[in-house]
Every structure is written in C-alpha cells, then in structure tokens.
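Q: Chains as they are written, first to last, in my numbering: chain A, 1 to 130; chain B, 131 to 354.
Don't take every hint at face value.
As the list claims (entries may be wrong) - Label-pair distances were calculated between CB atoms; the ranges are:
1) 58(A) / 309(B): 38 to 46 angstroms
2) 106(A) / 251(B): 25 to 33 angstroms
3) 224(B) / 55(A): 49 to 57 angstroms
4) 102(A) / 168(B): 26 to 34 angstroms
5) 56(A) / 224(B): 50 to 58 angstroms
6) 303(B) / 97(A): 33 to 41 angstroms
7) 99(A) / 264(B): 30 to 38 angstroms
8) 169(B) / 55(A): 41 to 49 angstroms
To be verified - Quick look at which bits of chain A chain B covers, simulated, 3 or more residues with Cβ under 8 angstroms:
9) 12-19
10) 35-49
11) 69-76
As the list claims (entries may be wrong) - Which residues of chain B face chain A? A few of them, derived with a C-beta cut under 7 angstroms, are:
12) 146
13) 154
14) 158
15) 161
16) 211
17) 215
18) 216
19) 218
20) 223
21) 230
22) 231
23) 237
24) 258
25) 262
26) 285
27) 297
Derived from the structure by calculation, the hints contain no laboratory data. The structure displayed is predicted, hence computed values, not measured ones. Positions of the beta carbon are idealized from the N, C-alpha and C atoms, including for glycine.
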Amino acid sequence: MHLAYPAVLSVLLFCTGLYGVLARRNAILVLMSVELMLNAVNLNLVAFDVWLSRAARDALHSGQALTLFTIAIAAAEIGIGLAIVLAVYRARGTSDIDKLRDTAETRPGPGDDGTEPAAPAMAEKTEAAA
Amino acid sequence: MTLAASSHGFLSPTGVEVAFLLVGIVTLGAAVITVTTKQLVHAALWLVVALGGLAVEYLLLTAEFIAWVQVLIYVGSVVVLLLFGLMLTRAPIGRSPDADSGNRWAALTVAVAAAAALVWVVVDAFRTTWIDLDGAAGGADGGSTAVTGASLFQSWVLPFEALSVLLLAALVGAIVLSRKAAAEGERPQGSTNKAPSDKGKAPSDKDTAPSGKDQAASGKEGVR
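Modelling step: build the complete structure from the supplied sequences, incorporating the hints.
A: Encoded structure:
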C-alpha cells in the first residue's frame, strides 16, 4: 500500500478536528474534535509502524506501543475534560466556551463584551478563590 | 526506495488500497459531519462512525490489536462518556443554531490552509514509499496480539507501568474535581452565587423545564 494513503487521510482528519476545535462553541463538541485529532495521530503512528517494521528498521513496534499509550492518555484526557466541563457547568450554568471569559482582558473601547459582565465575573472569581 | 517504486505501478491501486480509500472517504465524511452538524447528539453518533471507520483502517493496515482496542475504548467508552456529558450539561435535543461560534470562517481558513500545506508536504515526501503488507517476514504478523503483547511487555514495560500510574491519577483527579465542585456548589449557591449562575442558567432551564414537566405529568398519569 502506498504510504500516502494513510498519511493523507490522517492529515485530513487532523485538519477536520482542528476546524472543530476552533469553530465549535459547546465544550463537549470541542472535546470530540480533540478526539478526532488524537485519532489522526494514531493512524499516522500505526501506518508508519507498519512501514518501518516491514522494512526491518524497527523491531520494537514503537509505533503500535505509542498508539496504545496515546489511546490510554486520550481516555484519561476525556475523563478529566468531562469532569472539568461538568464542574464548569455546575458553577456557571453553561458549557459554552465563548461565555467563559474571566481571564480575558477588559477592553476599554466598545464595551459590549468587557465592561458589562465584569461584575458577576468578579463575584465568581472571588467565590472561586474562597 | 527506487526499487520499490519501480516494482509498484504509480497509479495502479491494489485491492487493499481501494478498500482503504473507500473506508477513508466514509471516515472523513463522518468526521466532517461531526464537526459541522447542528445537532449535538448527532455529532456524538457520527463520531462513532468515524472512529469505527478508523478501526477498519487499522485492520487494513494489519494492526489487529490496535483495531480492537480502538473499538473497545473509543466506540465503547469514550463516546458513551461524551453522550453522558451532553446529557448532564443539558444539551438541547434537536437543532441548536448557535453550535458554531462566530469565528468559524477564520477556523475554516486555518483548517484549509493547514490541510493544503500538510497534504503537499506529506505527498511530496512519501511519493515513492510503499508499505509491504504481505508479510515479508515469514508470515509473522506485525500487529497481532502476540507480537504486540511481547513487545509491550518486553521493551515497553516501564512506560506501560508509568501509564497505569497516570490512569490512576486521572481517576483520582476526576473524582476530586467532581466532589469538590459538588461540595462547594451547594453552599454558596443560596447566598452569593445566585445572581450570576441564574443569569446563565435561565435559557437552559427554559429549554428543559417543559420537557421535565411533561415527563412528570406523564409519569403521574401512568401512576393513575
């Protein structure tokens, strides 16, 4: 099999996940897109492992071992990520990442984003600090 | 490499390549629907198709063990976790028009530019590289469970054990995150956190409250 087939497929999957991470608004959909990117990396690892092990340049099966490690880390990541999303949802009542702007600098100019929700954001910050 | 290039035709796909291409098209289509659909639960279900397609691709690349691990962990547990997360955050069932944020055109530009650059580089770099899938090493299948287990427990034991510690840490971390949020969320929500949390919660409560009442009403009718 030509190596370009799995490599190009994993590139396209990675860029699809990149678009999802940048364009989605719900935090859980962002996590799904992160999973797509991780799977693209896994496909790349498996393809190169098969190529290199058949070319007798890698006897350790490092690509497949790394794929297993990546899958386990992705499972841990999705667990922690969902716990964080649920904690944020419980504290704020939303999982909309466009509304979580506590660490954003308040803009002095138009004032539609920065100045108006500053007071509840400050209240939540003090509550979170306490 | 030049010998391999001369022994293979340039654009004469084998059966495995055709199967890989077809499954890849299905996988990529499911992934695109996952990141573009307006219905949140449908996104999780299309993610199942994408991950299952990737498992088939692993099988075509003779990595059997990785394929079944993919089916077990991703399709079996990660998607279920994502669905639970969608339900616990009261994601709207049906179309939600604000699933994409305002910067989706910038995101599309970045993704298409990255895809073009990476595809160009990858195709240019591996133009004359072929994977020998026919088992040149005397039928020793490189991705079978025996070979993977031997290499995992001979060469990769130390990372494997470190990974189990990491999984334990993730487990404890998830429990601590949810417990701490529950313990702190109960106390101040009556006193201080009322105004900001209600402000955020009002639309979602409006969305879900009628369905809850309907369910309660139907439950009562069922009891009667």
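Q: Quick check on residue 218(B) please, does its C-beta sit within 7 angstroms of some C-beta on chain A?
A: Since the shortest Cβ distance to chain A is 6 angstroms, the answer is holds.
Q: Restraint: residue 285(B) near chain A, CB-CB cut 7 angstroms. Satisfied or not?
A: holds, 5 angstroms
Q: Go ahead and decide if the range 38 to 46 angstroms is satisfied by the Cβ distance of residue 58(A) to residue 309(B).
A: holds, 44 angstroms
Q: Any CB of chain A closer than 7 angstroms to the CB of residue 211(B)?
A: With a minimum Cβ separation of about 6 angstroms from chain A (threshold 7 angstroms), the hint on residue 211(B) holds.
Q: Against chain A, with CB atoms and a cut of 7 angstroms, does the hint on residue 262(B) hold up?
A: holds, 4 angstroms
Q: Given a cut of 7 angstroms on the nearest C-beta pair, is the interface hint for residue 223(B) held or broken against chain A?
A: It is violated, given that the least Cβ distance between residue 223(B) and chain A is near 13 angstroms, above 7 angstroms.
Q: With a Cβ-Cβ cutoff of 8 angstroms, does the stretch 35-49 of chain A contain at least three residues near chain B?
A: Our answer is that it holds, as 8 residues pass the Cβ test (under 8 angstroms) against chain B, meeting three.
Q: With a cut-off of 7 angstroms, does the beta carbon of residue 231(B) approach a beta carbon of chain A closely enough for the hint to hold?
A: Given a least distance of 4 angstroms, the restraint on residue 231(B) holds.
Q: Report holds or violated for the interface hint on residue 215(B), using the least CB-CB distance to chain A and a cut-off of 7 angstroms.
A: Hint holds; residue 215(B) Cβ to chain A Cβ min 4 angstroms, cut 7 angstroms.
Q: Residue 216(B) was flagged as interface toward chain A. Is the shortest Cβ-Cβ separation under 7 angstroms?
A: Hint holds; residue 216(B) Cβ to chain A Cβ min 6 angstroms, cut 7 angstroms.
Q: Taking 33 to 41 angstroms as the hint, is the beta-carbon distance of residue 303(B) and residue 97(A) inside that range?
A: violated, 21 angstroms
Q: Residue 224(B) and residue 55(A), beta-carbon distance inside 49 to 57 angstroms?
A: Given a distance of about 51 angstroms, which is inside 49 to 57 angstroms, the answer is holds.
The earlier numbered hints that this structure contradicts are 2, 6, 7, 20 and 24.
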